[in-house]
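Just so you know, the sequences run in chain order S and E.
Just so we're aligned, residue 1 is where the first sequence starts under the UniProt record's numbering, counting upward by one.
Just so we're aligned, residue 1 is where the second sequence starts under the UniProt record's numbering, counting upward by one.
One thing to keep in mind: the hints can contain errors.
[Stated by the list, open to error] Straight-line distance between alpha carbons at most 27 Å, and here's what the computed DSSO-like set of lysine-lysine pairs gives:
#1 S:Lys103 with E:Lys243
#2 E:Lys284 with E:Lys243
#3 E:Lys284 with S:Lys103
#4 E:Lys334 with E:Lys284
#5 S:Lys205 with S:Lys118
#6 S:Lys14 with S:Lys205
Hints were generated in silico from the structure; no laboratory data involved.
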Amino acid sequence: MLRIENLVCHSDGKSLLDIEGLHVKGGETLAVLGPNGAGKSTLLRAISGDCGYDGEVLVHGRSRRNWRSNYLARHLGVLPQSSVLTFPFLAHEVVSLGAIPLKLSQRGMREEIRRVMKLCDCDHLSERLFPSLSGGEKQRVQLARVLLQLSQAEESPLLLLDEPTSAQDLGHQHLMLRLTNQLAREGYGVISILHDLNHTLHYCKRCIVLENGRVRYQGRPDDVLAPEHIGEIWNYRPTFGWLQDDRLVLA
Amino acid sequence: MRFSGLRVGAVLLAALAVSLMLSIATGPLALSGSQSLLALVDHLFDLQLAQLQEYQRAVIVDMRLPRTLLAVLTGALLAQCGAVMQGLFRNPLADPGIIGVSSGAAVGAVLAIVAAPAAWVAWATPVAAFSTGLLTTLAVYGLARTANGTSVTILLLAGVALAAFAGSAIGLMSYFASDQDLRSLSLWQMGSLTASSNTGLLLSLAALLLTSLQFQRRAAALNALLLGEAEARHLGIQVERLKLELILLTAVAVGIAVANTGVIGFVGLVVPHIVRMLVGPDHKRLLPLSAVCGALMLLLADTLARVLVPPAEIPVGIITALIGAPFFLFLLVKQRRLGKL
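With the rest of the complex left out, here is chain S:
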């Protein structure tokens, strides 16, 4: 569903990103890893059209430049790391903004809003003022908004998440990651920037590791996140072990 070919991003003559090829299928969960400044956010920004780039970003085989903007919006959703919204919307009103590119009846919209807010465990915040919520609560409300935006996709939608667990408490970190897996089972392609390697190991089918704007490693997390690779990239040697169900854990 997403294909990237020879993607190059510059800023002030400095190359930020140089990716020969990347392919994400519907139903796949891809983690984007790498040290600070490796180009993870730039990759997401290029895919979502927030920065200029050379090369091709194809969504469902068509260059993203050739999509009608509100049609693309129904198939490509982005969860930002944090929110700049300071105006006193109620949480459910923020979610309803996700319906801007959609065609929904008033009643259908109310039901959809309730459904996505439940999915993101923020239905109890529905009547609260958005600016008064905590960072993690805001992020979950924003995710509900993005899920509403993708709820009328005609082909499998692509969801981009910029550090979806960074503001969440332990329980909600796992809720968010389980949700991405559930969405992938429904056919979504999910690309998340993650910092927690255990999350990557346990929740993602595939990962890429960026370094200086290039793909250094890619493949199954079990293979990619070998301790010697981690040492190379992050300058840190983890200890590791296995859980009873044979899952690898890093510490």
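Since the structure of chain S is already known, use the hints to place chain E on it.
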């Protein structure tokens, strides 16, 4: 506490109707309310119901009515522009007066009043006000925008600089004005509804219809813009085009308002705040209700300006500034407490 948009709208419209009658019936010449209204009905339907002298009729129809209408139209224009600018700048302190757009428009208007041939003034003033207002908006916007919205500090400082520049430019031009121009200039600079011409009224009406319609069509997009520019783009909105259209439309509205009445400050700041407190920040409700509430506010302020020191009258800009400036300070203090300044 939130109220339904319809209920607030109904209350505001009722209050506007009452203040319209109040405004028509108030003035240095004592005329009974019922007779004044009958005179209006006569004027509209060509009847003879009111028992008034011809000069009394003229006071109602030729003096009070145009002024009342100008107050309504200008108030609606300014309040709606304030609401749109606050959305565009993602900043509740934006207002055509505070960020210097009105000052910019005033420079153009004064230039036209002083320099344009007498026959052209009626048209040249709004056109010049629009042009310089547009330039100012673009300049302020370019200066204040950052990746995370607009910087309040730069916004306010740009307003200070532009107001100072406009003040001195207007002061300089007043040396070239004739005595008659000078008197109307100084009144106009304080913001006054006295000089209501038919051209001005028609232009205001056209501008209000145009901008209300166009703003309303972009209400959902404005809501999305509050999320952030990138987020709005992800929702399928063509952000750069939207911003340019909004800047053009507000420049039209502010230009025409300023050409007619001079700089009437704070209506665009105070009104959207009140409406937001009542019905929330959704632009679909905020924009039309701000228009009605702005019309009501300016009408009441003008009525007050006419009755405080009879038979003289205070320029209405002084009244709105007296109410608006403390309100602005209150907002500043509130924002400072939230750590946003």
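Note to self: For a C-alpha distance cap of 27 Å, please report whether Lys205 of chain S and Lys118 of chain S respect it.
What the structure shows: holds, 25 Å
Checklist line | Hint consistency between Lys284 of chain E and Lys103 of chain S [alpha-carbon to alpha-carbon, up to 27 Å] | finding: Holds, at about 17 Å.
Next item on the list: Given the hint that Lys284 of chain E pairs with Lys243 of chain E, test it: the Cα-Cα distance must not exceed 27 Å.
Entry: holds, 17 Å
Next item on the list: Would you check the hint for Lys334 of chain E and Lys284 of chain E, treating anything up to 27 Å between C-alpha atoms as holding?
Entry: holds, 26 Å
Checklist line | Hinted pair Lys14 of chain S and Lys205 of chain S, Cα distance within 27 Å | finding: violated, 32 Å
Notebook entry, point to check: Is the hinted pair Lys103 of chain S and Lys243 of chain E satisfied, with a Cα-Cα distance of at most 27 Å?
Noted result: Since the Cα atoms of Lys103 of chain S and Lys243 of chain E sit roughly 24 Å apart, the hinted pair holds (cutoff 27 Å).
When each numbered hint is compared with the structure, a violation occurs for hint 6 only.
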